[in-house]
Amino acid sequence: MSLVELHAIHKSFGAVQVLKGIDLKIDEGQVIALIGRSGSGKSTLLRTINGLETIDDGTIMVAGKKVGDHDTDLLDLRLNVGMVFQQFNLFPHYTALENVMLSPQVVKKQSKAEARAIAEEMLTKVGLADKMTHYPDQLSGGQQQRVAIARALAMKPRVLLCDEVTSALDPELVNEVLAVVRQLAEEGMTLVMVTHEMRFAREVCDTLVFMHHGRIHEKGAPEAVFANPKTPELANFVGGLAG
Amino acid sequence: MPEFTLWDIVYNLLLAARWTVLLSLVAFVMGGFVALVLLLVRTAGNPWAMRLVRGYVELFQGTPLLMQLFILFFGLPLIGIDVSPWIAAMLGLTLFTSAFLTEIWRGCVESVNKGQWEASATLGMNFTQQMRYIILPQALRIAVAPTVGFSVQVVKGTAVTSIIGFVELTKAGTMITNATYAPFTVYGCVAVLYFVICYPLSLYARRLEGKLHNVSR
Amino acid sequence: MAYQFDFGSILPHWKLLLDGVVLTTELAAVGAVAGVGLGILGAWARSSRIPVISQIVAVYVELIRNTPFLVQLFFIFFGLPALGVKLSEFQAAALAMVINLGAYSTEIVRAGIQAIPQGQIEAAQSLAMNRVQIFRYIVIRPALKKIWPALSSQVVIVMLGSSVCSQIAAEELTFAANYIQGMNFRAFEVYFVTTGMYLVMSIVLRQILKIFGNFLFERRHHA
Ligand SMILES: Nc1ncnc2c1ncn2[C@@H]1O[C@H](COP(=O)(O)OP(=O)(O)OP(=O)(O)O)[C@@H](O)[C@H]1O
Ligand SMILES: [Mg+2]
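Protein chains in written order, with the working numbering: chain F, 1 to 243; chain Z, 1 to 217; chain X, 1 to 223.
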């Protein structure tokens with residue numbers, strides 16, 4: 001049984017159908033890169049997996065449980081699935097440490113000492129042991145994004161969703177964030193990431209999923225998919241990136 | 001008929017101004033409390049509750065304060081509740097204040113970035129936790145300046161209660177005018193006293209607003 | 001014994017209420033047009049390079065914004081005759097509304113002007129426009145467009161505020177209501193109905209201002 005199973009996910013915004021039947025299984029330890037053109041539905045797909053968007057049709061199973069629309073189901077889902085956003089979305093009124101400590105305390109009801117220990121561990125892991133008392137606006141974009149990753153990890157999710165986590169960063173800050181993601185992948189974390197960093201995707205991911213017009217158009221090991229695209233759309237997409 | 005010196009006029013107005021201040025404070029505190037409840041109802045997302053709160057706000061923002069006071073003052077006795085001008089004034093201004101503050105604060109809550117709702121949701125927080133730890137602290141910082149600014153409107157609103165016979169600064173002004181036949185002086189003094197109460201609040205609101213624009217945290 | 005509501009007792013007086021609505025509308029119209037005009041002038045003067053002018057406007061704005069409308073009205077109607085300025089009820093009410101709205105709209109329009117990017121003004125200067133031309137052709141329209149919603153709200157507030165003009169016996173809607181309840185002793189019913197009329201008036205006024213704004217700021221396509 002897979003950790004996350006999506007079956008026939010459909011989603012429309014008004015008259016626009018954005019997801020037209022997505023089937024996807026995510027296994028424990030799998031590292032998936034979601035690629036595709038702007039507007040192909042990558043973000044929407046990630047957001048449905050985390051319950052940020054309701055779905056019109058289809059089922060989502062996480063850790064063997066079907067996700068309904070009850071609040072408790074949603075909580076269950078979110079305890080299993082963490083998310084990191086393109087725009088970081090750190091809480092501006094809390095320090096880095098407090099950002100990471102908050103939800104273990106209020107959602108998981110951990111003691112302050114416990115939450116603090118985990119938060120310090122996670123911030124150290126992302127290389128920010130010396131920035132714990134800084135507020136978000138005192139941190140660079142790359143540092144903020146690493147805090148956001150630490151914040152998601154502190155909830156001990158079984159899978160982490162990353163939506164273009166380096167797209168809002170200046171080029172020189174991209175690598176420090178990618179290094180953290182690479183380390184997570186090496187440690188066996190289950191990851192689903194939307195990315196435009198094709199080289200990174202090729203090196204780190206074990207599965208590549210190409211989305212096109214709201215469907216999964218092609219899927220496979222990165223080397224195979226890149227070297228030998230089966231559809232003209234993917235060939236086009238890959239070619240466009242090279243050129 | 002006794003002669004009124006300027007000091008007599010000012011002294012009597014000052015006595016009455018205490019009621020203006022008291023009424024303002026009471027209306028502001030109680031109105032703020034009602035507004036907070038309405039705000040939570042409005043934000044929590046039940047469509048019927050939302051519509052009800054919106055209607056409430058539109059009703060109070062779309063009718064004169066004087067009419068609201070008249071309806072309370074003349075209406076409550078009909079359902080067996082005898083109200084003094086003080087009670088009617090207090091109730092009326094509280095409702096009036098709550099409607100405006102609900103609207104002001106709603107704007108502040110909505111100006112908190114949508115990403116903050118989403119990030120806290122993905123961390124497993126429920127509505128209450130999101131409000132308490134993430135949204136309200138940020139909205140509050142934005143809300144302080146317009147809230148202080150609105151307090152000036154509350155103070156000025158108390159003048160209208162003179163019309164239902166509550167003796168505060170304006171009513172005292174009218175009474176003293178009737179005794180002194182010196183409307184220019186008396187209403188001039190009344191205006192100055194209101195200014196003395198309101199202007200510091202206005203200044204403070206503007207300072208807060210300036211601060212908000214300069215620092216983000 | 002429970003109170004028997006009798007809304008029918010208002011019907012015979014519908015003509016009075018209608019007259020009240022007309023007068024309130026007139027007051028609001030005069031107040032809005034002259035008040036906003038005064039506000040635009042005020043905002044212009046506020047940015048004057050002659051400090052005295054700008055300071056006088058600042059004092060006017062603060063004085064009005066920090067005192068109740070009712071007191072301003074009493075001062076104008078009862079106080080000014082001491083200086084030899086005798087105004088009718090309508091004149092006093094209209095003047096008070098203009099002065100009141102003028103102060104608020106000065107501040108609102110000024111905020112709109114300040115929001116115009118400096119580059120716009122520099123571009124106009126580089127095209128050799130003078131201050132008046134820049135204000136008239138470059139600044140005022142986008143500024144008004146930006147603050148139109150705030151200005152509209154203020155106009156509605158002033159229209160509703162005119163209800164206290166009944167206190168100087170200006171025969172607007174509230175005055176009519178007071179008059180009727182003095183005759184039929186049905187205070188609650190009268191004020192209830194009157195409140196409803198104000199609500200309708202504020203909704204209509206808001207719509208008119210919105211439509212007028214759309215007309216004023218729509219993109220004109222010249223042939
Ligand atoms: N909240 C929304 N309301 C309406 N339309 C939406 C909404 N969110 C997304 N869309 C539309 O859905 C489509 C897919 O959007 P999505 O953000 O999933 O694309 P994406 O693949 O992530 O693109 P990008 O690479 O630009 O981030 C787009 O056409 C977008 O305009
Ligand atoms: Mg996207």
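Since the hints were derived computationally from the structure, they do not count as laboratory data.
These figures come from a predicted structure and were not determined experimentally.
Do not rely on the hints blindly, as some may be mistaken.
[Said to hold, decoys possible] Simulated DEER-style distance windows between Cβ atoms:
no., chain 1, residue 1, chain 2, residue 2, range
1, F, Pro232, X, Pro117, 42 to 52 Å
2, Z, Lys211, F, Ser140, 19 to 29 Å
3, Z, Leu212, X, Pro142, 50 to 60 Å
4, Z, Leu212, F, Lys230, 51 to 61 Å
5, X, Leu127, F, Pro171, 57 to 67 Å
[Said to hold, decoys possible] With a cut-off of at most 25 Å between alpha-carbon atoms, the simulated BS3-like pairs for lysine-lysine come out as follows:
no., chain 1, residue 1, chain 2, residue 2
6, F, Lys219, F, Lys230
7, Z, Lys211, X, Lys15
8, F, Lys112, F, Lys125
9, F, Lys109, F, Lys65
10, F, Lys112, F, Lys131
11, F, Lys25, F, Lys66
12, F, Lys131, F, Lys65
13, Z, Lys114, X, Lys146
14, F, Lys108, Z, Lys114
[What the hints assert, rightly or not] Rough simulated footprint, nothing fancy, chain X against chain Z, three-plus residues with beta-carbon under 8 Å:
no., stretch
15, 63 to 75
16, 129 to 139
Idealized CB from N, CA, C, for every residue including glycine.
Hint by hint, which ones does the structure fall short of?
3, 5, 7, 12, 16
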